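**Q** Read top to bottom, the protein sequences are chains A and B. The opening position of the first sequence corresponds to residue 1 in my numbering, with each subsequent residue numbered one higher. The opening position of the second sequence corresponds to residue 1 in my numbering, with each subsequent residue numbered one higher.
Some clues are possibly wrong.
Over 12 angstroms on every C-beta distance to chain B, these chain A residues come out as not near it, computed from the model [what the hints assert, rightly or not]: (1) 2; (2) 4; (3) 11; (4) 12; (5) 18; (6) 20; (7) 22; (8) 27; (9) 67; (10) 71; (11) 78; (12) 85.
With a straight-line Cα cutoff of 16 angstroms, these simulated EDC-like cross-link-like pairs (lysine to aspartate or glutamate) come out [stated by the list, open to error]: (13) B/98 to A/57; (14) A/78 to A/57; (15) B/42 to A/105; (16) A/78 to A/100; (17) B/98 to A/100; (18) A/68 to A/57; (19) A/68 to A/83; (20) A/24 to A/83; (21) B/98 to A/44; (22) B/42 to B/83; (23) B/98 to B/27; (24) A/78 to A/63; (25) B/98 to A/14; (26) B/67 to B/83; (27) A/78 to A/14.
Residues of chain B placed beyond 12 angstroms of chain A at every Cβ, according to the derived structure [to be verified]: (28) 8; (29) 13; (30) 18; (31) 53; (32) 86; (33) 92.
These are calculated hints, taken from the structure and not from any lab test. In this text the structure is predicted, and so the values were computed from the model without any measurement. Note that beta-carbon positions come from the ideal geometry of N, C-alpha and C, so glycine has one too.
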Amino acid sequence: DAGVIQSPRHEVTEMGQEVTLRCKPISGHNSLFWYRQTMMRGLELLIYFNNNVPIDDSGMPEDRFSAKMPNASFSTLKIQPSEPRDSAVYFCASSLGAGELFFGEGSRLTVL
Amino acid sequence: QKEVEQNSGPLSVPEGAIASLNCTYSDRGSQSFFWYRQYSGKSPELIMFIYSNGDKEDGRFTAQLNKASQYVSLLIRDSQPSDSATYLCAVNSGGYNKLIFGAGTRLAVHP
Numbered sequence: 001d002a003g004v005i006q007s008p009r010h011e012v013t014e015m016g017q018e019v020t021l022r023c024k025p026i027s028g029h030n031s032l033f034w035y036r037q038t039m040m041r042g043l044e045l046l047i048y049f050n051n052n053v054p055i056d057d058s059g060m061p062e063d064r065f066s067a068k069m070p071n072a073s074f075s076t077l078k079i080q081p082s083e084p085r086d087s088a089v090y091f092c093a094s095s096l097g098a099g100e101l102f103f104g105e106g107s108r109l110t111v112l
Numbered sequence: 001q002k003e004v005e006q007n008s009g010p011l012s013v014p015e016g017a018i019a020s021l022n023c024t025y026s027d028r029g030s031q032s033f034f035w036y037r038q039y040s041g042k043s044p045e046l047i048m049f050i051y052s053n054g055d056k057e058d059g060r061f062t063a064q065l066n067k068a069s070q071y072v073s074l075l076i077r078d079s080q081p082s083d084s085a086t087y088l089c090a091v092n093s094g095g096y097n098k099l100i101f102g103a104g105t106r107l108a109v110h111p
């Protein structure tokens, strides 16, 4: 299995620009999670989906952040407009039911 | 109070010693508990999970759970330099396998 696939691996952008991060979960997994990791705040859960439906988005920091899962094999996390404080590593993870969370390699975002 | 708390470390132990990593959590309703390891620049990977009070052993790793004290720990026996990493405690909070992570403890095993 290819594992969870994220793109881009690295993104450098300027403040105010739109950023779109992409995730392909492991085939057959029915839950998908977006996490953000920084030195100061650790690994924070932003939003998670079950069977493509957003279940809990209470971790999304503000309206500039949005996430979609149009089908079982694809999800996006969008930041518009981006700000320097959004700089972090964004991880996507998937699981089957209550099983192990498998993480992608992460997308490192730098907003200048 | 943070939902999942860990000592950030670094915890430094000599090669061959036992490393003890600790975690406390606030949600008494939590039912499942996980330890992930994260090497620098990499993504977290699962080491162990535990659901019931007591100890669970897997090779050199032992997870311990005390729900009454809301305490989870991970013991690493015969520590190796390759064990040097950040160890993240995660607690299931709510349904759908929603995991809340602690800030992680950095472990350094020196030869």
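**Q** All hints, please: hold or fail.
**A** How the hints compare with the structure:
1. 2: Since the minimum Cβ distance to chain B is about 14 angstroms, residue 2 of chain A lies beyond 12 angstroms and the statement holds.
2. 4: With a cut-off of 12 angstroms, residue 4 of chain A comes too close to chain B, as the shortest Cβ separation is near 9 angstroms.
3. 11: Since the minimum Cβ distance to chain B is about 16 angstroms, residue 11 of chain A lies beyond 12 angstroms and the statement holds.
4. 12: Residue 12 of chain A clear of chain B: closest Cβ-Cβ about 17 angstroms, beyond 12 angstroms.
5. 18: holds (25 angstroms)
6. 20: Holds, since 20 angstroms exceeds 12 angstroms.
7. 22: holds (16 angstroms)
8. 27: holds (18 angstroms)
9. 67: Holds: least Cβ distance 15 angstroms, greater than 12 angstroms.
10. 71: holds (18 angstroms)
11. 78: Fine: 21 angstroms to the nearest Cβ keeps residue 78 of chain A off the interface.
12. 85: It holds; residue 85 of chain A is separated from chain B by about 18 angstroms at its closest Cβ, greater than 12 angstroms.
13. B/98 to A/57: holds (11 angstroms)
14. A/78 to A/57: Roughly 13 angstroms separates the two Cα atoms, so the pair holds.
15. B/42 to A/105: holds (6 angstroms)
16. A/78 to A/100: violated (26 angstroms)
17. B/98 to A/100: Cα-Cα ~11 angstroms, so holds.
18. A/68 to A/57: Cα-Cα ~11 angstroms, so holds.
19. A/68 to A/83: violated (20 angstroms)
20. A/24 to A/83: violated (25 angstroms)
21. B/98 to A/44: Holds - the C-alpha atoms of residue 44 of chain A and residue 98 of chain B are around 11 angstroms apart, at most 16 angstroms.
22. B/42 to B/83: holds (14 angstroms)
23. B/98 to B/27: holds (13 angstroms)
24. A/78 to A/63: Roughly 10 angstroms between the alpha carbons, so the hint for residue 78 of chain A and residue 63 of chain A holds.
25. B/98 to A/14: Status violated; Cα separation ~32 angstroms.
26. B/67 to B/83: Violated: residue 67 of chain B and residue 83 of chain B sit about 27 angstroms apart, past 16 angstroms.
27. A/78 to A/14: Holds - the C-alpha atoms of residue 14 of chain A and residue 78 of chain A are around 15 angstroms apart, at most 16 angstroms.
28. 8: violated (9 angstroms)
29. 13: Holds, since 22 angstroms exceeds 12 angstroms.
30. 18: holds (25 angstroms)
31. 53: holds (19 angstroms)
32. 86: Violated: least Cβ distance 10 angstroms, not greater than 12 angstroms.
33. 92: violated (8 angstroms)
When the structure is compared with the earlier hints, violations turn up for hints 2, 16, 19, 20, 25, 26, 28, 32, 33 and for no others.
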